[in-house]
Amino acid sequence: MEIVDNLILGFSVALTITTLSLAIAGCVLGTIIGALPGLGPSNGVAILIPLAFSLELDATQALVLMTSVYYGAMYGGRISSILLNIPGDEPAMMTTLDGYPMAKKGRAGDALVLSGVASFVGAFLATIGLMLLAPILARVAFYFGPAEYFALYLLAFCTLGGIGAENQAKSAIAVCLGLGISMIGVDNSTGMTRFTGGNLHLYDGVDFLVAIVGLFAVTEIFVFIESRGRDSAIGVNLGKITIPFKDIFATRWTMLRGTIVGFFAGVLPGAGASLGSFLAYMSEKSLSKNQDSFGTGDVRGVAAPEAGNNAAAGGALVPMLTLGVPGSGTTAVLLALLMTLNITPGPLLFNERPEVVWGLIATLLIANFVLLILNVPLVKLFTKILQVPASILLPGVAMISFVGIYSLSGSHFDLLLMTGFGVLGFILRKLKIPAVPVILGILLGGHMEVSLRRAMVLSNGDWTYLFDSYISIGLWIAAFIGFVAPIFLRSYLKKPEFPG
Amino acid sequence: MSDRIFGLILTALALALFASATQLESPFFADPVGPKTFPILIAGAALLSALVMISIPDQEPSWPNFITLKKLGLALLVLVFYALTLKPLGFLLPTAIASAILSYQISPKLIGSAATGVGLSAGLFFIFKFGLGLSLFPFPRVLFG
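Each protein sequence line maps, in turn, to chains E and A.
Residue 694 in the working numbering sits at position 72 of the first sequence, with consecutive numbering throughout.
Residue 93 in the working numbering sits at position 102 of the second sequence, with consecutive numbering throughout.
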């Protein structure tokens, strides 16, 4: 019973006062971040990472704090979807479809509680899935050599660019931009400088946290100003919160199905929570006998995407921890956190640092109960957050981003670079070029190149070595399908129109 | 049109990356591909996707109008100002000015924005300095020699 031993180890790490308080603080912060429109999990985690360093936490504690923020934000995202018809973050978009109509019918409280329970079911079962699947995948990953890793990185970029995107060429451009940026600086194996333009500040390369905070948080500032910053206000009346047992019981299978679909969408490298909630919603709708009721406040339309996106959030941790390949935008940010803490995710992590992995898993199991309490009986408190005017919130976010990065590097060059990334992110968003592949490219570019070069050293320059094992052939085929198949499946994967 | 322009810029960038990568010399020791192969592969992929973007452009995005563009430009200036002054002028003053201007852009109320600036500056300083223990200087360091 290896898992039981590991869990005991995990709980011995998780059940300390420091770890528990960090998890609770993370859950509260995360729910707030998730609830605020526009400030999603990736933004939130990105902004908070530099600040987490200043707390001088050890690796496990920092990871626990940030992952709790991540889980919390996934729960919190639904609040503004339901009350304002504005998704708190992208994965919560599907929840607006039935959540807001349900709220307009005077059932806002029921929708919040039902979606809170669905989030719990999705996230809790996904954490158990993570616990069972991750060690198996980590064992498979032991057979990975440089050629397999190269193919795996390619798979991540291809699925992200394929299923997750609307235009393959544009996601490929985003990936190339990221990979190009990752090559700036001194080449580790030869000591040569590449693409620095002679700028001394760039010799160490572009710090991925600078890029992440720039592309997520600073871009958000520009987008907000452009959209004239709607000051938020609660649009629907929230009565007394009661628990709609009937609805919860009626949607029990919906939640379970959403969880399974979401979890596997999350595990797919590069696909992420938005895909999880989307697939969960669409599959529930296609299974239903009365499809017309979806979009009018159907309880299944609230339960399915919330179970799906929270399950995907847990699923996305599987490839991140076992292979070092993030399953979503936010897990990419978490990977950046691990790399900054000098922890290399991958199969060795499970053997060499079991306390980190199992401490995290145990804490997440506990965090889910904390989040259930925060998001069901205490949800009213968080709806108050929506009343913070944008004119205070936005400058606050900007200043926190800047000070966070400044506290890490102390260099004004990095702050300027971050602002530059913010402008780039704004242009990319206008052109509908996704930003997450850029981040993933910056994060994984170095590893991908090292894998390629090692493979070539091992094979003495023979390129067929890249297709030499069944694992790598499988990964190449999956990568090809992941990139090409969505072109033919576009009509099925078409997202529904969002009102408002 | 925007897609085509951006596609052209990317084509130029990809060619520049390619040209710059070919200049890199491969070392003589056992690294068959050296530091230039990967950049060349990426430049190739970027070129290909940029050409697709040029030949099959999406619908024209809605770019901000002149007034919004001015607002965005001002926001950018504020952020650059903040980046440059945070170190020499200390935390309080640049933060108050920058957040007041950003706040004014969202809700143009003079007193409200000034209050937001002062409040955020003082509040965040308190949190950063005493809550998180960051080594921030409240005032210009020259004042203290």
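Just so you know, the hints here were simulated from the structure itself, not pulled from any lab data.
Heads up, a few of these hints could be off.
Derived DEER-like restraints, expressed as beta-carbon distance ranges [said to hold, decoys possible]:
| id | chain 1 | residue 1 | chain 2 | residue 2 | range |
| --- | --- | --- | --- | --- | --- |
| 1 | E | L822 | A | K61 | 32 to 38 Å |
| 2 | E | Q913 | A | L42 | 37 to 43 Å |
| 3 | A | G124 | E | H823 | 32 to 38 Å |
| 4 | E | H823 | A | P131 | 19 to 25 Å |
| 5 | A | G64 | E | L637 | 48 to 54 Å |
| 6 | A | G103 | E | I758 | 38 to 44 Å |
These numbers come from a predicted model, not from an experiment.
All residues carry an ideal CB built from backbone N, CA and C; glycine is no exception.
Structure-based check of each hint:
no. : hint                         : verdict
1   : E:L822 to A:K61: 32 to 38 Å  : holds (35 Å)
2   : E:Q913 to A:L42: 37 to 43 Å  : holds (41 Å)
3   : A:G124 to E:H823: 32 to 38 Å : violated (27 Å)
4   : E:H823 to A:P131: 19 to 25 Å : holds (24 Å)
5   : A:G64 to E:L637: 48 to 54 Å  : holds (53 Å)
6   : A:G103 to E:I758: 38 to 44 Å : violated (56 Å)
Hint compliance for this structure: hints 3 and 6 are not met, and every other hint is.
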